[in-house]
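First to last, the sequence lines map onto chains A and B. 1 is the number of the first residue of the first sequence in this note's numbering; add one for each residue after it. 498 is the number of the first residue of the second sequence in this note's numbering; add one for each residue after it.
In case anyone wonders, no lab produced these hints; they're calculated from the structure. None of the values given here were measured: they were computed from a predicted structure. Be careful, since some hints might not be right.
[Claimed, not checked] Straight-line C-alpha distance at most 25 Å; calculated SDA-like pairs for lysine to any residue:
id, chain 1, residue 1, chain 2, residue 2
1, B, Lys882, B, Asp700
2, A, Lys176, A, Pro128
3, B, Lys633, A, Gln335
4, B, Lys773, B, His735
5, B, Lys633, A, Ala337
6, A, Lys222, A, Ala479
7, A, Lys405, A, Ala57
8, B, Lys606, A, Gly84
9, A, Lys42, B, Gln842
10, B, Lys606, A, Pro385
11, B, Lys642, A, Ala479
12, A, Lys289, B, Pro663
13, A, Lys42, A, Ala337
14, B, Lys642, A, Arg106
15, B, Lys768, B, Asp790
16, B, Lys606, A, Lys176
17, A, Lys289, B, Met608
18, A, Lys42, B, Gly644
19, B, Lys606, A, Ala337
20, B, Lys815, B, Ala904
21, B, Lys642, A, Ser286
22, A, Lys289, B, Asp790
23, A, Lys108, A, Ala223
24, B, Lys642, A, Gln335
25, B, Lys642, A, Arg56
26, B, Lys633, A, Ile331
27, B, Lys633, A, His288
28, B, Lys882, B, Ser681
29, B, Lys856, B, Gln842
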Amino acid sequence: MTLRSKTLRTSLAMLMATLTIQQPAVFAASHREAPITALDQKADITDWYTFVSPERADKVIMILNVDPFLEPSNGPNYFPFDPGILYEMKVDNNHDGVPDVTFQIRFKTEIRAPGVFTGFVGNLAGIPAITALDGAGSEGFNLRQSYTVTMVTKAGSQELTAGMNTYAVPANVGPKTMPDYNGLRAQGVYSLGQGVRVFAGTVADPFYIDLGGFFDSVNLRKAAGGGVLPAMAEGDDQHNYAPNSLAGFDVNTIALEVPISMLTSDGKVHAAGDKEAVIGTYGTTSRHKTTVMGDAGAETWAQVQRLGNPLINEAIIGTGSKDKFSMDDPINDAQFANFVLDPLAAKILGSIGVPVAPAPRTDLLLLVQYAAPICPGCGAGDAGPVADLLRLNTGIRPTAFTQQKRLGFLAGDLSGFPNGRRLGDDVFDIALRAVAGILVDGKKYGTPLGDGVNTGTAPLQPSFPFMAPAYSGRDSVHAGPGQPGCAYYESGICPSL
Amino acid sequence: MNKTLFASLALIATVALAGTPAENAIQKAQAGLAAHPNHVPYLNSLAMAYARRARETSDVAYYAKAEETLKQSLAAAPANFEAVKVEAWLQLGRHEFAKALETATRLNKQMPDDVTVYGYMVDANVELGNYPDAIKAAQWMLNLKPGNVAGLTRAAYLRELHGRLPGAMELMQSAYDSTPFSESEDRAWLLTQMSHLSYVSGDLAKAEMYATGALGVFPNYHYAQAALARVRSAQNRHQEAAALLQQRYAAAPHAENQFAWAEELALAGRKDEAAKAFAEFEQKSLAESMLGDNSNHELIAYYIDHANQPAKALEIAKREIARRQDVFTRDCYAWALAANGEYEQAGIEIQKALQIGVKDPKLLYHAGAIAHHLNRPDQAALYLKDAAARNSSEAAVLLREQSQTAAR
């Protein structure tokens, strides 16, 4: 063999040698799933929800939560959205895995009084308390973000916020600055016409899970059954039997309420038995990118993350593929199908003695294709490509807010995950059981797996945007092991072991 | 002299003498292996460091060492990912592009997040002429790790191949800006590419500036010697150009480097030396002609432009085009067809080469000359003017002839 020295082509390969790129080798934390996404906190999607509104049965709610583990007291700037990020909600309505209706949300930041030391001030130095997002009472709302919502379909794009001032609701700084935070927050719900409503801002993170127990190599609390819930915990949707790692943390949310008729392929509302009733959704974050063949000045975007079904990237996709998965489109998901058909998580459960259905796990394809029971109207030819989309049958009536069950579909509450995903659905427990094989055989593989965290710490609300208001920064606390937060136990103290 | 200043000057001198990046990497890996023999990550680092040293010195013995180290690594841990990566890299070095693509594709399925593997996919696809696949892989490099130097340089080369030279320069510049100062060879390499881009854009002054800059960063760097020689030749300073190419050939004694030197000797009017060098080149090149890593592009040019044996040129060109369909191989094939009087077919083939928009002076000159033979004077003039503006002296000559004929 001889060494060629002339061509650029081969020497490019050699340049690679000197610029060693580190392999992502660590298993990332839950709200920090893919190694590269974990480096981009602002673009990190924590959760994606889609459900028929229990408040108005002719509307679908889509919620994109980003920016994990926001400590409510973390001033002075708190938690603005990133104006460099394109936030998108995408809907496939003809079962081809490609979005047909997309909602794009972009933010702009204004610093209204550059000399003031903090983003938010009130009841101080002649500045009144912040009681409004705009006009009188908003003087101390210094770091303010406005945003636009644009709907993109094949027919073109339409800015739904045209001619309006829509502001993101800031974090709850505390009672002196924002004496009526709930009233302030209510002003952040905007009606955009055509039956669409939107809310963007900081809220109490509705997700709940015992992250510490899980990520210590599945070392769940013995007091909560060590991963297999005792009957009392299993049947209790109101209390926690293990510490909720998200307790006391905020998250940034964009919530959209859209008429079902704007999302279906034919603009109609369908009965549950019609295949047209079923849509597939996901949320994405993107940043400007270098395009290999790009023209100067053209705006192109690189997807940083996407989220369809909860925990797919965290629990199913191998670490060596997590970034590719995050940045690719659902239509290309066949390349990851093996992770679904033979999930490592199932092997881990098997290794700790949980009965697990054997691979290949075609039962899990339900999460990535259009099929019964979510789409009873879908025939064999309607399954579409393997694509990680959160599938929602818009024809299934929403369960009343107070009647919802945390185990959703598994508990016979058909309007819950995996038929879409509601804020209160215990996706961790559901996903563990699905991975074990409850969909194959509920008796044989129906171990009541769970972490013992059964409810969010700040109560959900019955009306849009449904999530609890942000925690007060001045009074912020978290509930960890050995601290209050588990009402069932003596003095409400959460177990450590 | 001020003591502190003296001390820091001494320190700079020590650093400068401490060895090239590849030498340092070899030492580090060897030290690791001395403490932990057969430790796979050290073996992989050593294999890569040898391969890197091979580029620095052009000494093929380092390639053999890399292969040997790789074998040890694969014996210790069969099919270990990093070792297979080095293997793909060596396959590219051996110009086994189809094999390299296969290896890289397999690695990519195993770990779709590995940016380096995408780099190998780009390289193999570019060499094979699969440009859309190359663009896709390069885009993944930039998506997965925005701004990474290896991705930027590949995207720059793809832009160049598609004729987007200012865009290519922009990316090379940002690659240069993100390369650490200590990586002297990488910086020299990037400057050499910027010299090349300036040259094919017709900016001789900048081409000279970047080439001399590269030689300043990494003295006697053989790639940069070639880039500067090209500038000197265009400036009609053929003796200087020949001297540079002689040095380059001494440092990197490959057939194609000897060919470039011989061509320059001929231009410098040193006919006997040129004839001797051409004859040596032919022997050397023929000996490797059937291997993957060959100098067939130069051999084809030799038989057409210097030896007047067009039939031989076409035979080799046909073999090459069956193996890879990149724009440069297509150009060789078209030029060989033209040399054999098959102008119609040559016209079709050169159009295939130019289709993606490449703006290389040699290709444009060939396109102009073929159009000239096909009696398409307008088309010929267009190509020849473009080539002449990019420092092709042959194109300038033919253009003058053409306009004189037209005047008569």
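We went through each hint and held it up to the structure:
1. B:Lys882 / B:Asp700: holds (15 Å)
2. A:Lys176 / A:Pro128: holds (10 Å)
3. B:Lys633 / A:Gln335: holds (16 Å)
4. B:Lys773 / B:His735: Given that 25 Å is the threshold and the Cα spacing comes to 18 Å, the pair holds.
5. B:Lys633 / A:Ala337: Holds. Lysine 633 of chain B to alanine 337 of chain A sits at ~21 Å (cutoff 25 Å).
6. A:Lys222 / A:Ala479: holds (18 Å)
7. A:Lys405 / A:Ala57: holds (18 Å)
8. B:Lys606 / A:Gly84: Given pair lysine 606 of chain B, glycine 84 of chain A is violated - Cα atoms ~32 Å apart, limit 25 Å.
9. A:Lys42 / B:Gln842: violated (57 Å)
10. B:Lys606 / A:Pro385: The given pair, whose Cα atoms are some 19 Å apart, holds under the 25 Å limit.
11. B:Lys642 / A:Ala479: violated (37 Å)
12. A:Lys289 / B:Pro663: It holds: about 18 Å lies between the C-alpha atoms, which stays within 25 Å.
13. A:Lys42 / A:Ala337: Roughly 29 Å separates the two Cα atoms, so the pair is violated.
14. B:Lys642 / A:Arg106: holds (23 Å)
15. B:Lys768 / B:Asp790: Violated. Lysine 768 of chain B to aspartate 790 of chain B sits at ~29 Å, over the 25 Å cutoff.
16. B:Lys606 / A:Lys176: Answer violated: lysine 606 of chain B to lysine 176 of chain A is near 56 Å, above 25 Å.
17. A:Lys289 / B:Met608: Between lysine 289 of chain A and methionine 608 of chain B the Cα gap is close to 23 Å, so the pair holds against 25 Å.
18. A:Lys42 / B:Gly644: Holds, at about 19 Å.
19. B:Lys606 / A:Ala337: Between lysine 606 of chain B and alanine 337 of chain A the Cα gap is close to 12 Å, so the pair holds against 25 Å.
20. B:Lys815 / B:Ala904: violated (39 Å)
21. B:Lys642 / A:Ser286: The hint holds at about 14 Å.
22. A:Lys289 / B:Asp790: violated (36 Å)
23. A:Lys108 / A:Ala223: violated (47 Å)
24. B:Lys642 / A:Gln335: holds (21 Å)
25. B:Lys642 / A:Arg56: Violated, at roughly 43 Å.
26. B:Lys633 / A:Ile331: holds (16 Å)
27. B:Lys633 / A:His288: holds (17 Å)
28. B:Lys882 / B:Ser681: Measuring from Cα to Cα gives roughly 38 Å; hence the hint is violated.
29. B:Lys856 / B:Gln842: Holds, because 21 Å separates the two Cα atoms, which is no more than 25 Å.
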